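*Asks:* Listed below are the residues making up each chain.
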Amino acid sequence: MQNTSNKYLIAALLIGIAFHGTSIFFTLETTYDALIHLFFADHYATSWFEPWNYKWYTGFTVMSYPPLVHQAIAAFSFIGGLKFGLFTVALISILLFITGVYRFSLLITANRTVAGYAAILAVLSSSFVETLHVFGQLPSIIGISVLMHALPEIYLWLKTGKYRYLLTSLSLIAVTVCSHHVTPIFGMVFFIFPLIGMVIMDASKETVGSMKAVTFKIFLNAFFKLFKRIVGFGMLSLVIIIGCILPYWINSKNNPITQVPIPHGSRDSFLEITSSGLVFFLIPWGILLVLLPYFFYRYYSKRYLFFGLSFTLLTVLGTGGTTPIPKLILGDTAFNILTLDRFTLWASIMALPLFGEFAYRCIETDLKTRIQNRFGAIYHRIIVGILAGLFIFMSIFTVSLGYFRPSQPQKIKMLPIVNFLNQDQHDQWRYLTLGFGDQMAWLAAQTNALSVDGNYHSARRLPELTTRAIERLENSKFKGIEGIGSLQQFLTVPEKYNLKYIFSNDKFYDTILYFCGWQRLRQLENGIQVWEKLNVPPIASVLPKDAIPKWQKILWGIVPFLTVLIAFILNIQLLWIRALKTKVKPIPEYLNFKNNYNSFSKGLLKITHIWSVLLAIIVCYGVYIFYLKNDSQRTPENVVLAYYDALDFKAFEDAYNLIDPNSNVSIAQYMLEVSVTDGLLSSYAKLETINTNITYKNDSVATAKIETKWITPLETITKTNYKTVVKHHGEWFLQPEHLDPDLPPDQLYSNNTTTFYNQGRRRITSEQTHHEDVLKQPVLEVLQATLVKYDNHYAIIGEIQNIDNTPADIVLKGTLYNNTNKALASYNAKYHVKHKLMPKEVTAFRINFEGIAWSKTQDSIPKTFNPDEFTPVELSEQPTTFNLQVAGNVSGLDLYKDVTLSAININDTSINGTLFNSGIEEVTVPQLLITYYNDNKQMLWVDHLFLKDGIKQQRQQQFNYPLLKTMPIQIISNDMSHCFVNGLPNKDIAKKVISNRIKNHTYSKLQPITHPNYSFIKIELNNYIGNPN
Amino acid sequence: MQIKRLYILLLGLLVLSSATRVEFTEYKDIKFLTTQSIFSAGDTIILQFSAPNNETPNLYCSHSYGSAVISPVLKQNILEYTIPNSISNKSGVVLWQLINQELSGQFEIIPKTKVNSLETYIGPPSIAAGGTDYAMLVVIPTDDLDNPLKENTPVNIKHQFLASEENDNITTAHLIAHKNIYSKTETGRILLASECLGKHSKEYDISVLAGTPTDFNISATRHHDYADGNQITSFSTSILRDVYNNVVNDGTYVQFFITNSEGNILKTSGTTIKGIATASLIHPDYKTQWSIQAFVNGMAESDIITLDYKQVVTDFTIAFANNTVTVGPLKSFMNQLIPDGLQVTLSVFKADTEVYTKVNAAKEGFAHFNLKQLNLEKGLYSITVKTAGLEKTLQNINYE
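If you read the protein sequences in the order shown, they are chains A and B. With the first letter of the first sequence counted as 1, position 644 gets the number 644 in this note's numbering; the numbers rise by one all the way through. With the first letter of the second sequence counted as 1, position 158 gets the number 158 in this note's numbering; the numbers rise by one all the way through.
If we strip away everything but chain B, and leave its shape as in the complex, we get:
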């Protein structure tokens, strides 16, 4: 046992001593040999160090895409570190440090001078006419390794709008070249192109759309001015334009408010085509006056026009037989039977309390109400019929 312990002790000491020896070894004489500090992107970059001890420490490299540890190749006491493509292809500053060494430094990779492509962005793709709205064109000239070209690279921007073609020279700053393109007072399309060191971009465009509409007029057309509840009155606007006289965009929503004699508000709407919005509404079925005004909410409004509708049904009769109420004949302005669909409302009262209301439509001049389904108790009732703005009452009908 004693001997065994001794062995372990000795062995332990041996291991420890060898470890300490490694720790204290130094690469005293390693020196940085490469003198070049600026490289062009894509070049093969080899950093050289003198290596008197034939030791091969790794090189730690850091740049904007990340970090890498590079192993050297030892050639005749010279350590050579070949910087991998992932680093050497990208422009920017590269920091390096020998691992476990004080020795560190940096070098710069600059982009190539030849443009390979123009990375172009434009936005927003549509702006409003009027000279205050603008889109920004951003051009990033890059070399074939996708490095943005150096600062102050000249970029030429051309844009065409209607008759004007403009040409601007700008330079890159912070890797990009950019320009705000302002709209003019007209609508249309701005086409843009850019050029850098003989490289041309493809075509880009910006749509210039109309600004907010201004006040407008409305008009109405109808086949006749009778309140027959069966014809259509159409409304249309004058051409809606913005302050610069541009026709507003197709699809602009215009809402028509119709206030009738009762003070109730009806609604219809239309969307513009070439600036004109049309809307329609069915005629009322009783005498009334409409006053109509149209709005583009928050932006523009029309004048107010008024329309009068003449009463068509002047009188009608109510008959009660077989527990069925028959209303009619309902006649129109030329004594023709009113077109099918006129609404007739029946209210049944028992001692002034309404027990039932039903709306039926007139067909061939008559409206029928069958009271049998109502489950009414037998007895006396009164009924009121409303149609075409008229109201008639039949007292004391006997339901059996």
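Extracted from the complex, chain A is given alone in its bound form:
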């Protein structure tokens, strides 16, 4: 074999294994993608040949992603578990990458030392480090690595025409496509086409003797000479690319991606969104940015001309939305589906051979001598030192990016959740995680229970998800109104998806869960809060799946490993035969095209210097801008912004430091004041936008009008605040706001309440609940139900009473029908109802018919999504009748009813009032349900108001409710013959239980108002308690 081993390559491999092998254990599990691949691997480990997976998205096929890497992890998992498999495959990918870069560099530069340099640099190159340690894209890495291994073989086939090279190159292409589908397709364009160009150049050079003599005509001649080989290779590799993962292509054709584009950072304008610029441009390029002139100079030399074009294209495409060019090149569709960071990755990989060459020349040969002659040895040492320092800094920074900016929530112990799902047949229902980040994939891999959510959005099929530009329901709060709105739809009609349990790792979602009718079950020992919904049927024991022909399953299960096996045998065997046949090592053809490293271009050195200075200036300017923006007390605007930022992130000490030191508020007092404010705005809101307007400013005082927009799980809140800002010693400070001094009347007081406990199963058994332990469903009565039309949307409104003796959790499902009894829409009451009723308690309700409620979901979902906006209905299908199904279940939770309406003041446009909390729990989010009546005291509409602030015990809270705008409400039907309670007709059950009901009993106590459309209103109160005592 080789006479001497390449010591640089050996060093690169050792450093690579030591550096990455150690750090992956701290980074890989917190990357974006690694756990998704682990989940897929778990699928193959449990059912290798069955591509249907029920665990995510109510079922999807794993044929939507090339299987090799997942199957490899699965195979290793049989030895030491899934994570062992993951790390083993990661280590293999590191080895493949380093050797791949070595071979690619050797092919390009024909110099073993240069290739060795490139291999060492590749180990620490920031783009590779980022792809592995931040993104966790193992299939991508393996794909590009194997492709780099294939390139020399392709060169040799094209150059020599020996069939064994055709075989080896095709075998490697096969492995590439089995590990990542996008890599060989784009690899063809960006790596193989320029390579073909280089082969033709080399062939032309051989005919004329020197590169300079190569003209276009000679090039064309050489091209035609090699044409058969090129076309042969092209056709065969196309066959390989299609054939090896044929089921994937069939699946893509049968289930085209209907997903609306999901925003991705790599498509942002990097100048506007600097965080995307950092992650998708600065980090992957890293130090290579400094050497860009060198790369372009070298790649635009005649031999590498086509690599130059490809490199330019990749560089441009990698800039995402910064310039319009990528969108023009790719077209709208491709631009919105592809993540563009891959182009930057490939560009940086393409630069690696030349980076190695530059390092070699700078350290050992002509560049060194040139710099030393011109600027002196010390300058050379400093320059090399700075470059090396920057290079190392970038890779260390990138590896530990997760430390500086955690992309994932804290690691969650999954065992308690897995145990919970295994208990008591909890896995008979679907579950949903909230605030788990990508760790949800790891939970999914460990449990047999199914989820409605998932982490591979290309495979989604539910229109509720594919029509929304959200990645996962799980992190919907980061997607603003659209995310929360989408989550709300799932929470409102969970029985459609058999969704019963929610594991919440983020308090943010608590309020929406409560107001959608969910109840807290308990906190697991890992701190995860479990929420439960009553009245959800378990999943059917047989679930639908897409039938996939057996041959596809077999192909999918066998071919990927077969390609590896064949590639292994062919490549290793050829080496072996070569070694045996000839004692002398045959020199690969590409080593005949050596470069001359004698004189480094003067102009290039100059340009590189200028470019570096320019870069340095840009960086310095960027840092300066960053400083100006972030120096929190420089201007009144900055101090306001910094203060709100600090509050948003609950960094109260930072916030305190921005408070006027002369205001005599101690930090203890400040913290106390912050801690006593609870409510939707202070505990559950995320600051979306802030607009600061300085209305008055002199040298020492300024007043700011601050318009803030907050995303809360329930609705968006806009708020206008006025703050006074004062200046001391050149720094601006905020004047503190004063607390409501309201003093509660009683120091110590008592309250008697009835509490309930449901034993569930009285016997400790794993069997189904005994018949006699099943409680009767509480009897409810629909007092009124009306189908109305208001402002172009339909709603069922009405009143419901719990006429039983036990407290009830109520679920209301309304269905709209047209004249021909065709069901048009079906939805549940969301938060226009009190979901928990004491015996004999009444609640008004309203059922909206939001986006997914309508049967023609695809058409009816508006392009821009807002949960408060309703779907316009086609005029040809007007709802005329409705069906109302009410179900009660015994629940002893969330029955706090001690908030009272203590004062009210009504004018023509609004209601002002005060709520008083007379009980012993602090109410976090009070809600008002306001029912409107006409002059005949007929119900017309039900509206709601969430109070922004909570109410502490024995304290008051004011509210202001703007009355509905003047707009007539049309009553379409008040035929209550299709109202059912627990499956029985409402009329019969009402007659049996309350035979002599006093109709419209409390109508004498309706609040009169003066309004053109409405004459009376009724106010009901509902409360969410965030932290029950």
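Hints are computed from structural coordinates only; laboratory data are not their basis. Bear in mind the structure is a predicted one, so any value in this text is a computation, not a measurement. Among these hints, one or two may not hold up.
Estimated spans, in silico, between C-beta atoms of each pair [unchecked claim]: (1) Thr353/B / Gly331/A: 51 to 61 angstroms; (2) Gln425/A / Leu197/B: 28 to 38 angstroms; (3) Pro329/B / Val701/A: 24 to 34 angstroms.
Ideal Cβ positions, reconstructed from N, Cα and C, are used throughout, including at glycine.
Since the structure of chain A is already known, use the hints to place chain B on it.
*Replies:* Chain B only, in chain A's frame:
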């Protein structure tokens, strides 16, 4: 070629003829030999047929759990079909037919006569007192193979409620025995037990809960009758009972409507404990009269009581200096400073148009409003302050 074709033809004929021969064979003399037509569940059932041709046709069996095809055992020209346990353990009629034969028939499997268990269901588990609501007890006596016992098996049902213990004898009909247990006028718990042929069930129970409440009275208590906005008035009901004088169930929701002098309706609510619901509300901060009535919606209501609240703040002063409005001192009925938290509303007018309204709470007898934040233009304004039902205006203040 010719010879080959001939061979094929001959071979084809041969095959065809043999096939037709099979088709026309008949089991002419097969006869059903078993005479017994009623079996007890769990017995080994063997159907015998004579088999003169030594042929062994399969027997097709069908019963309520499904169908089965049984292969025979041939013993000395007798075909024996052993009916599998899955069929012979279950009571009911079994139809049989020999496959490819005209011969068919049926036999019956009857349940055992010994009770092994009493399958008992009761529902609903809670009913209302009053004698019209009822729960149904269903008893299914079964043998050890889970077959319901034969029709008219006697079942004895006992139930106890308060002092009464009743005993009823019923019989099974259509496999089950059932009885409706009606509530009495009292609330409590009915315990039930059943017995069949010496086998006893476990204990079951039905809760008898109170019926709908009837009208009731309410009362109010308070520390004083001043409208200071800082004390609590408590309301409570008399004991809520249904028509049979049973105390309503704990947790029954009673809503109190308070109509004040302005005709506005305030609300509070309580849930009953031992029939009494209590609710409370904070005092108003201005002179008013409350008339209070409580409801159990659609079922019962209370009498109306009225409460008067006396004015505490009789007067206050407004001062304007440094662009700040100071209201106070606000004094209560003994000239003490009003407790912190009294709401003071400030409205700022410019030429009769309201430009700003803010509510602040009084602290240590004073409320302050800083107008600096309002971004007002310099000039003359008038301000109105409302608190404790009083209203005062300050004209032509100069904002600078």
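*Asks:* Evaluate each hint against the coordinates.
*Replies:* The hints, checked one at a time:
Between threonine 353/B and glycine 331/A the Cβ separation comes to about 57 angstroms, which falls inside the hinted range of 51 to 61 angstroms. Between glutamine 425/A and leucine 197/B the CB atoms are about 36 angstroms apart, so this pair conforms to the stated range of 28 to 38 angstroms. At roughly 29 angstroms, the beta-carbon separation of proline 329/B and valine 701/A lies within the given 24 to 34 angstroms, and the hint holds.
The structure is consistent with each of the numbered hints, conforming to all of them.
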